[in-house]
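S.K.: Whenever a hint applies, use it, and build me the whole structure from the sequences.
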Amino acid sequence: MSAIGELAALRRTKAERPKPSPAEQGDNKAALVFLAPWFAGLALITVGPITASLYLSFTDYSLLDAPEWTGLDNYIAMAGDPRLFTSLRVTFTYVFVSVPLQLAAALGLALFLDRGLRGLPIYRSVFYLPSLMGASVAVAILWRRIFGNAGLINQILALFGVEGPGWIAHPDYALGTLIVFNVWTFGSPMVIFLAGLRQIPRHLYEASAIDGAGKARQFRSVTIPLLTPIIFFNLVLQTIFAFQAFTQAFVVSGGTGGPIDSTLFYTLYLYEEGFANLHMGYASAMAWLLLVIIAALTAVNFFASKYWVFYDD
Amino acid sequence: MRQLPPTGRGPARGRTTFRLAAVLTGTALLATACGGGSGDEQTTIRFSWWGNEERAQITNQAVAAFEEANPQITVETESIDFESYFDRLSTSVAAGDEPDVITMGGAYPREYADRGVLLDLAEVSDHLDIGALDEKALSNGRFDGSDYGVPTGVNTFSVIANPAVFEDAGVEPPDDDSWSWQDYADIAEEISAGTPDDTFGSEDPTQPDTLDLYANQRTGQGLYSPQGGIAIEQETVSEWFEMTTALEEAGATPSASMTAELAAQAAPEQTLLGQGRAGMKLAWSNQLAAFREGSGDDLIMLRAPGETTAQGTGMWLQASQLYTISQRSEHPEAAAKLVDFLVNDPRAADFIKSDRGIPANPDIRAHLEGDLTESQEAEFAFVDSMSGLVDGDFVIGPTGSTESVDLLQRTNEAVLFGRKSSEQGAEQFVTDLTEAVS
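In order, the protein sequence lines correspond to chains U and S.
Heads up: take any position in the first sequence, counting from 1, add 7, and you land on the numbering used here.
Heads up: take any position in the second sequence, counting from 1, add 1, and you land on the numbering used here.
Simulated from the structure, these hints should not be mistaken for laboratory data.
Glycine included, every Cβ here is placed at the ideal spot set by N, Cα and C.
Treat each hint with caution, since some may be false.
As the list claims (entries may be wrong) - Counterexamples of contact, computed for chain U against chain S with all Cβ distances above 10 Å:
1) L61
2) I83
3) F92
4) R96
5) L139
6) G155
7) A223
8) R224
9) I301
10) L304
Claimed, not checked - Below, a sample of chain U positions facing chain S; criterion: calculated Cβ distance under 7 Å:
11) L70
12) D72
13) W76
14) N156
15) H177
16) G261
17) T263
18) P266
19) N284
M.R.: Right under this line is the structure:
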């Protein structure tokens, strides 16, 4: 059973749980003591700044002098900010194209690796590597070079007489290149898919084979339904990650979201407004809009999951 | 506004997480600072600047000389690349943890002074003597009648040319006392035609400083008005874009896509000129050494085109950087002593030389003149010859104008990629810039 399946099960059984015994209550106290450092961290590093940013979103704050209360001005200004809409368009395109592609690539490779190859751990590690390095600045710089006007890709194309465009420097291609970049970091959903595939009971395949199901039918009727909780888990997580993408666009575009705002991710615009243009109040308001968008989409995801995710319990 | 000389690139960036770290270390430092002593005891101040390793090395040597002369003061230095410098500075100011001595440039001192971050230098005049410095350079750090910044040196914005590339292309260097922008375009085109495909006559010259220069030559006013508004006319920008798109179409400058790529990495060594792949570039005089080192060629400086053929001259001398002191500094006297040492003491000049422009103190200039490298000599000679020719009508950009680099780059790309006509680009630039400073 997957993590999400377990959560669902937990929710269902919670109501019937008996009152904890005194011994168990002692355990709870110990748990609280051990959790205290984490709670302190949560309050200090997460809840504090989040609350502060909510307050700042209602102010005019330049970072250099004290914030000044302006009510809803920042939120009203957002409605009339063309670059904000550009950044939303860029981000939504990025999320809705790259996440499905990335999950498809992850699932495809997981299925391939699940067939019991020799040296599987090695392959698994190799495919997982991009996930570990994908968010690093060094790799983003490497990509900038590979996809540059005179980069590796265009040098190879030149061998075949093709003059490649500037993959990261042309507004028609730059976002596509970043999407490919994100798809390339399919390692972490792949590893989760692999674990999920391992949990599908063998006897279901045997039973379906006896019933005369071929490979394709088994995939459709056994593998996919039993994997839906994992797909769902990956979908939710990767969507949230994709909304927060920053480093790649920042490094590849030199921090401007260029060319012509074609890679102006929401987070990048937020950063630019807050730290470069010194509109931290506005940037805080933008952060809250992003939170609302991600929360809404996650809620939609959870709601829709009722119709396609299958929990085998 | 006159933009920042050292890299000519837009407002810097660092990391979001940095802010939090800054807040935390800020609190920690505040706690320790409260326990610190005063009077004759050891004081520690912090000093920050942007730039490369080489600058860090010579500056640290100068600081060591200062510590030797002032054993009771310890200076902690911090340097970072220009791209991240001002992001980091704004976050540390927000955390109340900015360095005592802060290097600034362009429109940043005004932006920070307006918001009460910088110390009025009159308060520390006992320890910091700015009387010997050039009046014009000083004016770059003077707002509302008070001095907030001390010029590190003087710079001029002009053409840096590579004679080796001219020679390869079989093109004669221009007479820079009489050339026009049309000559610049023709020469650039000839160089591109006469050299391999990866070498160009010029990089795309669009940046706030060139527009400033170009507008000054045409109308007698640059980007900004002395009252803090926008002075540049839409028509001027439109004409500029017509010229640069023609340059691109003729192959005199690289393709739009390559220009966009170059804009994303702006250190002198990464530019075409710095790689020895361009004949000319409009740039700041204190970058001559970096371009020379990058290209390995003996680059020279030329007067900007259009200086004699346009309606008026447009070149100017400017403080390349300014040393400022934080209003909140706990040791303003020590900070003032450091700044004084850096700009007025030969022991500092021996290391820093012209790295931050030609020193604004004539005694220091005289002290250095005997002992210069070849590129420093060329830079000294050029700035010297210019000081008689420039018409010093100089307006620093108002608060908000630091956005100009990014928004001009955005508009320029839209025009070069053909998404906007020259007129539409000009309209967008003027509108965006007006909004940024309002």
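S.K.: Now tell me if each hint is right for this structure.
M.R.: Quick rundown of the hints versus the structure:
1. Against the 10 Å criterion, L61/U stays outside the reach of chain S, whose nearest CB is about 16 Å from its own CB.
2. Listed as outside the interface, I83/U is consistent with that label: its C-beta sits roughly 16 Å from the nearest C-beta of chain S, beyond the 10 Å cut-off.
3. With a minimum CB-CB distance of about 15 Å to chain S, F92/U clears the 10 Å threshold, and the non-interface call stands.
4. Residue placement check: R96/U keeps its beta carbon more than 10 Å from all beta carbons of chain S (closest about 15 Å).
5. Residue-level check passed: L139/U sits 19 Å from the nearest beta carbon of chain S, beyond 10 Å.
6. With a minimum CB-CB distance of about 6 Å to chain S, G155/U fails to clear the 10 Å threshold, and the non-interface call is violated.
7. Against chain S, the non-interface label of A223/U holds: every CB pair exceeds 10 Å, the least being about 45 Å.
8. For R224/U, the condition that its CB be more than 10 Å from all CB atoms of chain S holds, with the nearest at approximately 49 Å.
9. Listed as outside the interface, I301/U is consistent with that label: its C-beta sits roughly 16 Å from the nearest C-beta of chain S, beyond the 10 Å cut-off.
10. With a minimum CB-CB distance of about 22 Å to chain S, L304/U clears the 10 Å threshold, and the non-interface call stands.
11. Taking 7 Å as the C-beta cut-off, the interface hint given for L70/U holds, the closest approach to chain S being about 4 Å.
12. Checking D72/U against chain S: minimum C-beta separation of about 4 Å stays under 7 Å; hint holds.
13. Among the interface hints, the one on W76/U is violated; its C-beta lies about 17 Å from the nearest C-beta in chain S, farther than the 7 Å criterion.
14. A distance limit of 7 Å between C-beta atoms decides the matter here; for N156/U the minimum to chain S is near 5 Å, and the interface restraint holds.
15. For H177/U, the suggested interface contact is upheld, since its CB lies about 5 Å from the closest CB of chain S, less than 7 Å.
16. Here the hint on G261/U is kept, as its CB sits about 3 Å from the closest CB of chain S, short of 7 Å.
17. This hint holds: T263/U has a C-beta 6 Å from the nearest C-beta of chain S, less than the 7 Å allowed.
18. For P266/U, the interface hint holds, the least distance from its beta-carbon to any beta-carbon of chain S being 4 Å, beneath 7 Å.
19. The criterion of a C-beta within 7 Å of any C-beta in chain S is met by N284/U, whose closest approach is roughly 5 Å, and the hint holds.
Comparing the model with each earlier hint shows violations of hints 6 and 13; every other hint is respected.
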